[in-house]
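Quick mapping for you: the protein sequence lines, in order, are chains D and X.
Per numbering that gives the first Met the number 0, the very first residue in the first sequence carries number 0; after that it's consecutive.
Per numbering that gives the first Met the number 0, the very first residue in the second sequence carries number 0; after that it's consecutive.
All clues stand as given, with none of them false.
Pairs of lysine to any residue residues, derived as SDA-like cross-links and limited to a Cα-Cα distance of at most 25 angstroms, are as follows: (1) X:Lys124 with D:Gly30; (2) X:Lys124 with D:Ala84; (3) X:Lys124 with D:Thr119; (4) X:Lys124 with X:Gly49; (5) X:Lys124 with D:His83; (6) X:Lys124 with X:His93; (7) X:Lys124 with X:Thr99; (8) X:Lys124 with D:Arg80; (9) X:Lys124 with X:Glu97; (10) X:Lys124 with D:Thr138; (11) X:Lys124 with X:Val102; (12) X:Lys124 with X:Val10; (13) X:Lys124 with D:Val82; (14) X:Lys124 with D:Arg87; (15) X:Lys124 with D:Val136; (16) X:Lys124 with X:Val104; (17) X:Lys124 with X:Pro34.
Derived from the structure by calculation, the hints contain no laboratory data.
What you are looking at is a predicted structure, and each value in this text was computed from that prediction instead of being measured.
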Amino acid sequence: MDASYAGRTYPPTAAYAVGREHLREFASSVGATHPAHHDVAAALALGHRDVVAAPTFAVVIAQRAEAQLLEDPGAGIDFSRVVHADERFTHHRPIVAGDELVTVLHVDAVVERSGLAMVTTRCEIADANGSAVATVVSTLAVRGEDR
Amino acid sequence: MSRTVDVGQVVATRSIEVTRADLVRYAGASGDRNPIHWNERFATEVGLPGVIAHGMFTMGAAVDAVTEWLGDPGAVLDYGVRFTRPVPVPDPGHATLEVTATVAVVDTEAGTARIDLTVVCDGVKVLGRAQVLVRL
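Chain D on its own, in the form it takes in the complex (with noise of 0.2 angstroms):
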């Protein structure tokens, strides 16, 4: 892993489409069968504009935005070597069904300790209008090559 990816900033991604469909058929993979999730009239009764996404559905935004620096072949990331450390979901409001999402993604920190370079990214995702949606942080820890 190449340490000077470290504060690297990539350009916006091409809008990612909310679907109705995809939000039901995530909830239900983790077993979320909160009625605003899957019901159009019950989450207008809550006050949404449309299904709720479920809390972590945006790691499905943010692991597009992921992959310009995981398929960088410069940063040096074997995917075969890499375990996920941790995750983080900051929403400034919901998800809903139609939204237009862009994301951002920051390289905040890689530290290297004992044969493991810790990747730090965060990618600031918002909509059509520029207003904040979600933040999501997520650490990798990188195996380095076999001596």
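Using the hints provided, position chain X relative to the given structure of chain D.
Using the frame of chain D, we list chain X on its own:
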């Protein structure tokens, strides 16, 4: 919606059975197709005991007990975890996640609370510092 809670109060518990089929479904829905989560041969070749659950599956499944208690998924303001131990998912059979959600901090002025999740599989905690900030 507003409610009163006390520090130390257990607000939700849940027992979640996880099968390989659940992991395949999550892989499809999330786009995380890493073969360690569905291919036994690949998982053992990279030194794992076998197929393990996506950390993000465990994270996503564990918080739903809190959402259900809150009554509105939009009331989850912040949610973070550390992935401390893998969750091996056998075939045939299943892994079982035991989730306990406990009130850790109440901020009456802000109208929020921090709910801490304990997630145990086979007697071992699999998530660390699993904290959910919620609007009460």
